[in-house]
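**Q** Fit chains R, C and A to the given chain P structure using the hints.
Protein chains: 4
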Amino acid sequence: MTSPTATLLVSCPDQRGLVAKLANFIYAHHGNIIHADHHTDFTAGLFLSRLEWQIDGFDLPREEIAPAFAEIAEPLQATWQLHFSATVPRIAIWVSRQDHCLLDLIWRQHAKEFAAQIPLMISNHAALGDVAKQFGIDFYHLPVTKENKLEQEAKQLELLRQYKIDLVVLAKYMQILSGNFISNFPQIINIHHSFLPAFAGANPYERAYERGVKIIGATAHYVTDELDAGPIIEQDVVRVSHRDTTGDLIRKGKDLERVVLARAVRLHLRNRVLVYGNRTVVFE
Amino acid sequence: MTSPTATLLVSCPDQRGLVAKLANFIYAHHGNIIHADHHTDFTAGLFLSRLEWQIDGFDLPREEIAPAFAEIAEPLQATWQLHFSATVPRIAIWVSRQDHCLLDLIWRQHAKEFAAQIPLMISNHAALGDVAKQFGIDFYHLPVTKENKLEQEAKQLELLRQYKIDLVVLAKYMQILSGNFISNFPQIINIHHSFLPAFAGANPYERAYERGVKIIGATAHYVTDELDAGPIIEQDVVRVSHRDTTGDLIRKGKDLERVVLARAVRLHLRNRVLVYGNRTVVFE
Amino acid sequence: MTSPTATLLVSCPDQRGLVAKLANFIYAHHGNIIHADHHTDFTAGLFLSRLEWQIDGFDLPREEIAPAFAEIAEPLQATWQLHFSATVPRIAIWVSRQDHCLLDLIWRQHAKEFAAQIPLMISNHAALGDVAKQFGIDFYHLPVTKENKLEQEAKQLELLRQYKIDLVVLAKYMQILSGNFISNFPQIINIHHSFLPAFAGANPYERAYERGVKIIGATAHYVTDELDAGPIIEQDVVRVSHRDTTGDLIRKGKDLERVVLARAVRLHLRNRVLVYGNRTVVFE
Amino acid sequence: MTSPTATLLVSCPDQRGLVAKLANFIYAHHGNIIHADHHTDFTAGLFLSRLEWQIDGFDLPREEIAPAFAEIAEPLQATWQLHFSATVPRIAIWVSRQDHCLLDLIWRQHAKEFAAQIPLMISNHAALGDVAKQFGIDFYHLPVTKENKLEQEAKQLELLRQYKIDLVVLAKYMQILSGNFISNFPQIINIHHSFLPAFAGANPYERAYERGVKIIGATAHYVTDELDAGPIIEQDVVRVSHRDTTGDLIRKGKDLERVVLARAVRLHLRNRVLVYGNRTVVFE
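Residue numbers (the numbering used here), protein chains in the order written: chain P, 1 to 284; chain R, 1 to 284; chain C, 1 to 284; chain A, 1 to 284.
For the record, the hints were derived by calculation from the structure and aren't laboratory data.
Each statement offered as a hint is correct.
Identical copies carry no separate label here, and so any pair may be met within one copy or between two of them.
With a straight-line cut-off of 27 Å between C-alpha atoms, the simulated BS3-like cross-links for lysine-lysine are:
| id | residue 1 | residue 2 |
| --- | --- | --- |
| 1 | K133 | K112 |
| 2 | K112 | K164 |
| 3 | K252 | K112 |
| 4 | K164 | K133 |
| 5 | K155 | K133 |
| 6 | K149 | K164 |
| 7 | K149 | K133 |
All values derive from a computational prediction rather than experimental measurement.
Only chain P is shown next, with the shape it has when bound in the complex (with noise of 0.2 Å):
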């Protein structure tokens, strides 16, 4: 499964034939599909769809395959993204204090769970600097305040150009981002450490503690303008007791965020994710 593949992510207002259409074109030009997956929303009236094929053997170089398959989109009124797994993804991993998102990602990428390069950090504080030289990440200590925020926005999205920057991970970054960097950069994917939307906001650990849930959780979603409120990727849970302390709730949640963030991530990397309205197709 190591050959190079490319895949389609594909949605369109439903009709009869969809499926025919899309692996049509595949095999049209003697492609071998390892994975197709297509989910019908009835309520949106949408046919969304993941195609992904072996690129050996497929008799349409690379650089054809985007407008051949723009004459196939067009009529169908389909948006589609085309991406290639020898193209590896370039990612900023953004942090405050906290390490276990940031060590947690750094190991999986190690390990091969994904494939991505981590050339930047970016933070508002100093402490995590140390991680990033022991694994020769460039670190950028951008401190923001009310009055430097957007001069600030405006250095990080410099920064993200100029390291070519595909996506944007913040892992327990505890600052929020203006709706202007929002639609300059849209892919970002955040870790919230409730089970949204219970808890949006600040304090999350404090509120449930102070509700006295029974269970508490964390979600990985895309970030739009209104805060905790975008598109979710993943989301877990994990049982609590009235002898859990914050502390307890903390901790806990912690195992919670790295595997969460983590999962969403390499969905994400791997063009598992499908975005639509505030909604999220999982294509696993």
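**A** Using the frame of chain P, we list chains R, C and A on its own:
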């Protein structure tokens, strides 16, 4: 373990010697403790304890236990409850149209998963009258409107008195009880079909679908003045995916609802739940 | 989604163009696909697929679909099944003394969680005859001993034929079926009260208690010659602690058993399960 | 809660007055109990208890606590352990080639999830020597063959003595320890990469794949003479599907292994685990 027992649920300001004082009370009267569990909430400065012992061989007659313990409890400023396993509690089950929680509770009573009598059902719909009849439970159809709510609640309270009800279980009863009702009869367990505090209020499954969550839940809690905000007894969750429609969430949720409600009712009936503030200690 | 559908379950050696060929068959006859899912087992070199489409507008009459598809399937060396949603399958439920899985299945049928008729119950005990009566299901009490087993199995097979049964559900039927029986009627789903392959065979809860496990499970599987070794459809687990006696494991296990069995039966009845070798593909 | 504490773990034949006797011992010396939990195994006729109290204000000097408690324990035929939170236990981590459990334990130690020193690593491979170096842990590469096993175990035991090790953690150490080794050093926790007793022994993920299970697990247990049969401390599971290859099971399993092992080590180090027979009481 089937010999009759007495159970004390105690909470008081924390201080040295509490475990010793409680255990000595039982031991001094030759009681054999079969369950002892304690919890200290250091934030609240509260000690909470559950003690269960066999009545056989205990040298105080039943009616003298409470007065004797009161003398110990008073200097500790303790609030406490005393229960006897030989006294079978009486439940009223309130329903609307859905039968899954109702049938589940009745089945568990028959299977002896908990000891309780169910002499009374109350509903704002006639739909489940036949189930009541089948199992020999008295059924009162009390439709509720804005206009007659006070009047119906008066009748409901009268029925609870008349049937000597110890616990009301809202098994998908889709009406909100007034603050007045609750202060007159505070022993009420409700099942809410969401992972509280997410999706409190109406239509939680519809809203969970809208939000695109990847996990749904159910919550059993004591009813208080504030809607869906009472002390939580038990919660559980189940994974959903983009393939699940609102109808699928409702179907999957039913399995959660009946299990979560049944666990909460069983815990309550076995005197395993101690409420303080808006929290519960569950002595499992 | 309630308009009638046809479903194809197909497995064949993997090769290029399979998704296209299957989808083209539906599209060529103007079928509207509402579910298409495919899986390739690269180790086994097998392609497995499920296609469901609406019959309305399909330009082949029902009885011509199978012959038409056979022509496509043959050169692919495919094995396949064709099901129509309009044909409601007929289930026989086999029980011993425990009623929880039985009542659960009946309740789900009434709640329309799956479409099936349940005309027949078979038991080696008389205990649940009244349940059968209550729900208008024919009940046969066929006690099994070493001596009469062959004879009783002959009667059982005759009943399955007579009642035109499509699926046997062993809902805690505590007898082992002979290889001969199974080869004569291979469509059998069993619920085993352990997390297989742990604790296959008798008394799994007692053995789980002995072993001191911290989690127990239940497994729904197709029945094969080898005891508790058939293809697994669904499993689930629940946490236990040192406080749980064998009786508690049995009680907690019942909740697992009925949910796991119900999920498996529902998946099977909706033609979501494809068996190959000793494995299942579950198209969810 | 950070003031120093003493902890008693006690087990003895069940009789009246045990909770009182234990609590009175603490109270008589002015100890403030911060955790008291008891369990009675009625089948075994055993009472098991954990008591933790603050040293500050306790009127017995540390060295006199054990002799004083021995006088209480003897007539009860109790076996017991006494631990002081001020005495930080010393761990040796044993590994082979995989680093995920190792790095996880080291990270948790740094994050202060448990209090322990890790002065020693032993491995049958050289692969993880660099990790040891990075964190300032002494590393011994002791390759094991059939021929040199006895000799190497003698060296290993000598190292445990030399480093004053309290607990050996087998963090994916892929060698079997001899009965002789275990009887010389019985405090060993192992992580097994299956849901025991399923798939004890070699290659559990391969065998789980072969069997077609829908859920995989991991088990942390004390090591005994019989392979993978020692008292279980903690287990957890994760769902898998037909899409998961053996490689996916291994990847998903790693997340389980590190969490389950870490929970078990943390419980042990906080003196929350009491072994009796082949079972554990986990005082959480």
